[in-house]
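Protein chains: 2
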Amino acid sequence: MKKYVYFFANGKADGNAKMKDILGGKGAGLAEMTNLGIPVPPGFTISAEVCKYYYDHERTYPEGLKEEVEEALHRLEEVSGKKLGDPKNPLLVSVRSGAAISMPGMMDTVLNLGLNDETVKGLMELTNNERFAYDAYRRFLQMFGDIVMGIDRRKFEKELEDMKDEKGVKLDTELDAGDLKKLVEIFKEIYKKEGKEFPQNPWDQLWEAIDAVFGSWMNERAVTYRKINGIKEDELLGTAVNVVMMVFGNMGEDSGTGVAFTRNPNTGEKKPYGEFLPNAQGEDVVAGIRTPLKLDELKSRLPGVYDQLMDVMQKLERHYRDMQDIEFTVEKGKLYLLQTRSGKRTARAAIKIAVDMVKEGLINKKEAVLRVEPRHVETVLHPTFDPEDKAKAKVIAKGLPASPGAASGKAVFHAKTAEKWAENGEKIILVRPETSPEDVGGMAAAQGILTSRGGMTSHAAVVARGMGKPAVVGAEELLVDDEEKEIRVGNVVVKEGDWISIDGATGEVLLGKVKTIEQQGLSGELAELLSWADEIRRLGVRANADIPRDAKVAREFGAEGIGLCRTEHMFFEKDRIPKMRKMIVARTIEEREKALEDLLPLQKEDFKGLFREMKGYPVTIRLLDPPLHEFLPNEDEQIEVVAKDLGISADELREVVEALHEFNPMLGHRGCRLAITYPEIAVMQTKAIIGAAIELKKEEGIDVEPEIMIPLVGHVNEIKYLKGIIKEVADKMIEESGVDLKYKIGTMIEVPRAAVTADQIAQEAEFFSFGTNDLTQMTFAFSRDDIGKFLPEYLEKKILDHDPFKTIDRDGVGALVRMASEKGKAARPDLKVGVCGEHGGDPDSIEFFNTIPQLDYVSCSPYRVPVARLAAARAQVLQNK
Amino acid sequence: MKKYVYFFANGKADGNAKMKDILGGKGAGLAEMTNLGIPVPPGFTISAEVCKYYYDHERTYPEGLKEEVEEALHRLEEVSGKKLGDPKNPLLVSVRSGAAISMPGMMDTVLNLGLNDETVKGLMELTNNERFAYDAYRRFLQMFGDIVMGIDRRKFEKELEDMKDEKGVKLDTELDAGDLKKLVEIFKEIYKKEGKEFPQNPWDQLWEAIDAVFGSWMNERAVTYRKINGIKEDELLGTAVNVVMMVFGNMGEDSGTGVAFTRNPNTGEKKPYGEFLPNAQGEDVVAGIRTPLKLDELKSRLPGVYDQLMDVMQKLERHYRDMQDIEFTVEKGKLYLLQTRSGKRTARAAIKIAVDMVKEGLINKKEAVLRVEPRHVETVLHPTFDPEDKAKAKVIAKGLPASPGAASGKAVFHAKTAEKWAENGEKIILVRPETSPEDVGGMAAAQGILTSRGGMTSHAAVVARGMGKPAVVGAEELLVDDEEKEIRVGNVVVKEGDWISIDGATGEVLLGKVKTIEQQGLSGELAELLSWADEIRRLGVRANADIPRDAKVAREFGAEGIGLCRTEHMFFEKDRIPKMRKMIVARTIEEREKALEDLLPLQKEDFKGLFREMKGYPVTIRLLDPPLHEFLPNEDEQIEVVAKDLGISADELREVVEALHEFNPMLGHRGCRLAITYPEIAVMQTKAIIGAAIELKKEEGIDVEPEIMIPLVGHVNEIKYLKGIIKEVADKMIEESGVDLKYKIGTMIEVPRAAVTADQIAQEAEFFSFGTNDLTQMTFAFSRDDIGKFLPEYLEKKILDHDPFKTIDRDGVGALVRMASEKGKAARPDLKVGVCGEHGGDPDSIEFFNTIPQLDYVSCSPYRVPVARLAAARAQVLQNK
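Chains as they are written, first to last, in the working numbering: chain A, 1 to 881; chain B, 1001 to 1881.
Note that these hints are calculated values from the structure, not bench results.
Just to be clear, a hint being listed does not mean it is correct.
[Said to hold, decoys possible] The calculated DMTMM-like cross-link candidates involving lysine to aspartate or glutamate, where the alpha carbons are at most 25 Å apart (straight line), are:
1) B:Lys1723 x A:Glu796
2) B:Lys1789 x A:Glu518
3) B:Lys1797 x A:Glu593
4) A:Lys789 x B:Asp1759
5) A:Lys232 x B:Asp1759
6) A:Lys615 x A:Glu680
7) A:Lys582 x B:Glu1793
8) B:Lys1359 x B:Asp1534
9) A:Lys398 x B:Glu1658
10) A:Lys579 x A:Asp651
11) A:Lys232 x A:Asp356
12) B:Lys1018 x B:Glu1590
13) A:Lys398 x B:Glu1662
14) B:Lys1720 x A:Glu496
15) B:Lys1697 x B:Glu1560
16) A:Lys723 x B:Glu1796
17) A:Lys398 x A:Glu496
18) A:Lys789 x B:Glu1590
19) B:Lys1232 x A:Asp759
20) A:Lys789 x B:Glu1662
21) B:Lys1789 x A:Glu630
22) A:Lys723 x B:Glu1233
23) A:Lys420 x A:Glu662
24) B:Lys1720 x B:Glu1700
25) B:Lys1720 x A:Asp811
26) B:Lys1806 x A:Glu662
27) B:Lys1789 x A:Glu590
28) A:Lys797 x B:Asp1759
29) B:Lys1797 x A:Asp651
30) A:Lys720 x B:Glu1796
31) B:Lys1798 x A:Glu573
32) A:Lys797 x B:Glu1728
33) B:Lys1723 x A:Glu496
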């Protein structure tokens, strides 16, 4: 027969720490501590498998469970020398839930079970403490009524308050035994009024409590908690139930209860940290009525207990090899551990503890890397709001957490205003319905960016991440009226100049100014941890950087090259865009070539700057990608101005704009399609790239191997055609220069067809770089700019379990990435393969990419490089586990 | 050693008809005829493998070729009893090209080779005909000079003309022996002036002529011809060279030359058809100087030859089991066949000949099906222009041949005007930059549709094909100005009311009115042929039809069900669209449900009509697919009107329109995404479908098994969610009705992710229908509406070898179709799988679909059903060959 009940007592337990799945975290911890010889009250755990059975079989129990529980309880009676329901020497137990994943406070607990009108007297005699006994009884009646019987807890609380009022006291502890005795009677009356009967038989109490705990697994609170925290129900069996002998911290000044961490969970400092409440039970700590003592103070009060506790904590930390969060009770000078688990910690503490523990020889570097979550790195690298100050601020909307960091500033609704105000030293938040390339200056001037539309890969999101600036995008609740220059949401109106705050890590938008805690930067323990990550990881990490400044940041953050330089970003700069526009409105190939010639020296200097900064690390440069209309103005007013600049009539310019109009620009005339219809653009860009590399080598002796990347390839003939043009120009320049320069020509894989025919494309391409943003758009047929119209509903209805622009969709987009990597490398064994989409900086996605052996590197925005380095190492450790 | 030269003479040939690849069509025909005992002048063929060697080895010949050719020529001398260069009895030969695929007139021919200053005299003596001999010599000099020496042919022609002028005659034949003798000297002078030497040695002549013929394989004309006709160079070895003893049709009235078909190539009538030019050489027929005789007239002139010719023709047709196109020469009463090949024929003739030959027992049904090309069926089912009348009309542009048929009408630039003019009995062509759903009424009223934008699957193209109306779309050269109501192209202006004509089979746009030949319809031989096709084919053929009228056409054309009913087309009708708009602007779910309730009875009647027409054949109904903004007006003026109708303010309506605006509607809020965000729409449509089926069964006893199709599914959870909603409504209705009704729920596969995860989706879907239009859009990242901006250049630069919206892209989109079919059927063995994209009616695509064994049927517009039936049968025959 299957074993459902696991006993523990006197240094020996049926279970152990590895049996979390069936014993739950608490049960496994109790068993392990018992085995370690740590003082734990005896008890037993009913397996979570029973919970699964319970829900699979219409809330009934498996055969034999009853007998097993009875047997375990009898053993418990034996080791405790007490007996359930024995009026002379009653055994009291707690009945607690405990699943494999901690869900604090979400499920139910019943304490002091075993008390009834008879046993309460026994307890009184035994402890010689009437007040204690009746206090325990009234607490039990209260808990049992609430949790097991479903009686509104406020009914009990009201009676307690009335009693205190009547007596003119404030604290529960000020009530005497008589008062509590009366309360017991009053509480029993409540049961009756509710038409419920309090079971005097402790065995009935026990089974009803067990029922209630299993039942609590599916209560609304627990279900919601799991949903919010992304805990998948079907990966868990359910909750276990722990039945443990009661110990009492409220038996006088030599008793008490406490919680402690083996190290400081805020700073990571190697020093126990916690608090202790004398003469109290656990729930009193939570109630927060009395201020608990610092752990240090226990030393003078109960030095023996303190020393024992320090020993136990050290033992536990050494045993679990992680910082522990424990609960303990002291009953008449005797220490009992009630729980131990890995302690939650701040980002800063997580990093310090992991690094310290390696130095202490407690864990190895691989384990250290697993101890720090990628979000921890993100947190310490970006400013965060002061939690207390933030708690006071009103949240007016929640958008997508597009770029981490926290910022406060005056709301400003136009990029130009943003630039102007910033020049005057104002801190500002740029607020737009959505941003476009014209807003980049204003974005750079702002502390943070807030938009009401767009997704995780919208323009605002991508650019903000690139700049390392906080951004919240797609806050659809907000009505951003850039004409009236105000935000309207509900009855709140934010006008230009009003302070607002955004939390790019959570997506929250807050009213007013919130104090921020500045970032820590990449140094000390974090730098050390990441250097270990670098030793461990298989995937390379590059950065997406368009300008020398970004490249510098990327190098500082440890990028091993540039995986994506978007050349068009250079053309949006003030001194370039008029030339770019000249090129676009050119009526003849000569006019176009003339305009391109003007752009050439500027672009060459850009590349020289990049190459210089990257000091020989590989640099992948993508040829012009966006549709040309993005470089032209849209509004009538602007058209007039720009037309004048270009020396053509507004009507002429309007005609160009109209001719460039597309119904679905994402599927339109862009990427390599531009270079195929206007090869002269590719020629100019090749000249700039190769020219820059040649000059740099000649003038500064810097070796560069540029990687020229052709975007949006869907058919091998596209790259074949352009490769011909590029090679001709490049080879001629290299030959004429006399410099020994190597370069590669490769392609983005961002169109599904490219993935499907990757074997053909690899015949021509020397490298692949997955543009997973566009690949996600095409594979799902989701426009990143329009997805806000239905994504929220998709997430809510569980049609998608995450935003596929944030974390890669493994089954669809991911399958194409895998397929293309395999086909590509099979066709060309020395093919370099990377990912340069936004997913390249997402830890979950990196975990997936690491499972594709053909993938060589990921590339992400400079500020995410540290995160990616850690994530890549974690992925490698997890994969080889 | 490899054999390069194939001899034929006296009823025995080294080669035969099956060796077309190496002997070329002409060489294989000569060998086969020789073997059949048909009189053919003796000669030999130099294999096309030599041509391949020639180009692979810098225009040199393989070892041993020289010896082989010499040996063959000596054998030829032997069988002819003449000798090359023998002044007494000279052998004269022709040297002709001939590749495996006929390229008429594209490569070079030299006749009368072997003549020089000496042999011309021998020929004179032998024939006792000085004029003949010198005429032959001057012809040879002329041809050799032009073709082998590269002397401008006009130089020779000028001298000939001068001579005729000098003599005051008009025809070449009016020149006498003396004149021709002089011409020979003048021609030789031309050689000298050009610095070339005419080789007097016939062996030199021979090798130079062979060089020239092989060289002509790569001349510009031939290369262009192959490009235009889609002949792939690398699938051919090259051209063979035929060296054949000359026979002369110009040796008197008992000589002559002719061409003939074994049946009438225009009508298919079983009666030889051809012409004969007495006393002439082949080139004289081409020159068209004298009018040739009808074949019948040969009977009275040379009855013996006529009878022999009839015999030979019958023999050839029976042997080749196809209508033959022959060339022959009669030399002094003796018949020689110079060529035989399958004859080109009109669509009508192709069908009649194929059917007749089956009845004659000459070929079987499978062969018959291969003899008729799908375009033949298309041609006879649609009106075509009278070729003579069309030749006179000016072509002003060429667009995409979007929907077959030819039409003339007055140009009209707005749908409303089109409807009005049509009511007055005018024939009109609706001309638009592009069409939108609002134009459907005008399209129905027009004879044909012409647009300047859009691709093969643009709105105009799809709707026109559905209506069976001629359409030319994406004629980008035309500037269609619908404000000024005129077309401008070059210096041509077409104003409203001017006649224009469009040829939907070629994409041509012509000025003025062109006479049309009406369609034949589906009857007689075509109906018979298609019934055989039905016996042969594996793929089912359904039609895409939205309304009963279309369904009727579909059934008449032999559709076996409806593969796609687009329910949105119903909502565009005049009486529906206001209700649809009410639904869209609804502010509460109640308002929306009210509007949907109004639509329900209308939609139910639509479905009843369809089901009734389809009499139990399966009907697949797709739930609402397009983005909602398509149902709303865009222009300010219209917004005012519509808002008034809807009882809301123009501003309110404008806000709705703006809120529905998307950057990339193709990737936006449409398809199942609509039904997921507004489940009440799916509920209404389910009620209409199931309600219609129930009522029809109850009232009329018609059995229907509706197939409810969910569009744009990319994730299994989408269909899972909607299936739940649909099933709940449907099952309840069926239960309440007491009727035994079955229905299926399936999905379009049109998003790449659906193809990649087809195994998951098949867990929920009972059928798949590939929406290959959208799948092509997403897989290539090509917007069908915008592709005109670069597709022409892509085709011209050979980046794509066809428009992927017309013919399926096998390597990319096709690979996804195959993958999804395999995965789907593996996961659910009884999955029904079809194709409902426009490719379902394209013969090339059908050939591909037939190679996917999991695919059950294709579905196309009703007018293409006959084409699809034939194409499916041909595909099956070809595949099992």
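So, going through the hints one by one against the coordinates:
1. Restraint check for Lys1723 of chain B and Glu796 of chain A: satisfied, since their Cα atoms lie roughly 18 Å apart, inside the 25 Å limit.
2. For a cut-off of 25 Å, the pair hint linking Lys1789 of chain B to Glu518 of chain A is broken: about 50 Å separates their Cα positions.
3. Of the supplied pair hints, the one linking Lys1797 of chain B and Glu593 of chain A holds, its CA atoms being roughly 21 Å apart against a limit of 25 Å.
4. For the proposed pair Lys789 of chain A and Asp1759 of chain B, the alpha carbon gap of about 28 Å is over 25 Å, so the pair is violated.
5. A threshold of 25 Å between alpha carbons decides the hint, and for Lys232 of chain A with Asp1759 of chain B the separation of about 23 Å falls inside it, so the pair holds.
6. Only pairs whose Cα atoms come within 25 Å are accepted, and Lys615 of chain A paired with Glu680 of chain A is rejected, the gap being roughly 29 Å.
7. About 23 Å separates the Cα atoms of Lys582 of chain A and Glu1793 of chain B, which keeps this hinted pair within 25 Å; it holds.
8. The hinted pair formed by Lys1359 of chain B and Asp1534 of chain B meets the criterion: a straight-line CA distance of about 18 Å does not exceed 25 Å.
9. For the hint linking Lys398 of chain A to Glu1658 of chain B, the alpha-carbon distance of about 23 Å falls within 25 Å, and the restraint holds.
10. Of the supplied pair hints, the one linking Lys579 of chain A and Asp651 of chain A holds, its CA atoms being roughly 19 Å apart against a limit of 25 Å.
11. This hinted pair does not check out: Lys232 of chain A and Asp356 of chain A have alpha carbons roughly 33 Å apart, beyond 25 Å.
12. A threshold of 25 Å between alpha carbons decides the hint, and for Lys1018 of chain B with Glu1590 of chain B the separation of about 75 Å lies outside it, so the pair is violated.
13. In summary, the hint linking Lys398 of chain A to Glu1662 of chain B is supported, as the alpha carbons are separated by about 22 Å, within the 25 Å threshold.
14. Between Lys1720 of chain B and Glu496 of chain A, the direct Cα distance comes to roughly 47 Å. Violation of the 25 Å bound is thereby established for this hinted pair.
15. The suggested pairing of Lys1697 of chain B with Glu1560 of chain B holds, with an alpha-carbon distance near 20 Å, which does not exceed 25 Å.
16. Restraint check: the Cα-Cα separation between Lys723 of chain A and Glu1796 of chain B comes to about 18 Å, which is no more than 25 Å; the hinted pair holds.
17. Between Lys398 of chain A and Glu496 of chain A the alpha-carbon distance is near 20 Å, which keeps this suggested pair within the 25 Å criterion.
18. Restraint check for Lys789 of chain A and Glu1590 of chain B: satisfied, since their Cα atoms lie roughly 21 Å apart, inside the 25 Å limit.
19. For the given pair, Lys1232 of chain B sits about 23 Å from Asp759 of chain A by alpha-carbon distance, which is consistent with the 25 Å threshold.
20. For the hint pairing Lys789 of chain A with Glu1662 of chain B, the CA-to-CA distance comes to about 9 Å; that is within 25 Å, so the pair holds.
21. As the CA atoms of Lys1789 of chain B and Glu630 of chain A are separated by approximately 16 Å, the hinted pair is consistent with the 25 Å bound.
22. A threshold of 25 Å between alpha carbons decides the hint, and for Lys723 of chain A with Glu1233 of chain B the separation of about 23 Å falls inside it, so the pair holds.
23. Between Lys420 of chain A and Glu662 of chain A the alpha-carbon distance is near 34 Å, which puts this suggested pair outside the 25 Å criterion.
24. As the CA atoms of Lys1720 of chain B and Glu1700 of chain B are separated by approximately 33 Å, the hinted pair breaks the 25 Å bound.
25. The straight-line distance between the Cα atoms of Lys1720 of chain B and Asp811 of chain A is roughly 17 Å, inside the 25 Å bound, and the hint therefore holds.
26. A C-alpha spacing of about 21 Å is found between Lys1806 of chain B and Glu662 of chain A, which places the hinted pair at or below 25 Å, so the restraint holds.
27. Between Lys1789 of chain B and Glu590 of chain A, the direct Cα distance comes to roughly 21 Å. Compliance with the 25 Å bound is thereby established for this hinted pair.
28. A threshold of 25 Å between alpha carbons decides the hint, and for Lys797 of chain A with Asp1759 of chain B the separation of about 22 Å falls inside it, so the pair holds.
29. In summary, the hint linking Lys1797 of chain B to Asp651 of chain A is not supported, as the alpha carbons are separated by about 33 Å, beyond the 25 Å threshold.
30. For the hint linking Lys720 of chain A to Glu1796 of chain B, the alpha-carbon distance of about 15 Å falls within 25 Å, and the restraint holds.
31. A hinted pair counts as satisfied when its Cα atoms are at most 25 Å apart, and Lys1798 of chain B with Glu573 of chain A does not qualify at roughly 36 Å.
32. At most 25 Å may separate the alpha-carbon atoms for a hinted pair to count; Lys797 of chain A and Glu1728 of chain B meet this at roughly 17 Å.
33. Taking the CA atoms of Lys1723 of chain B and Glu496 of chain A, the gap is about 48 Å. The hint is violated against a cut of 25 Å.
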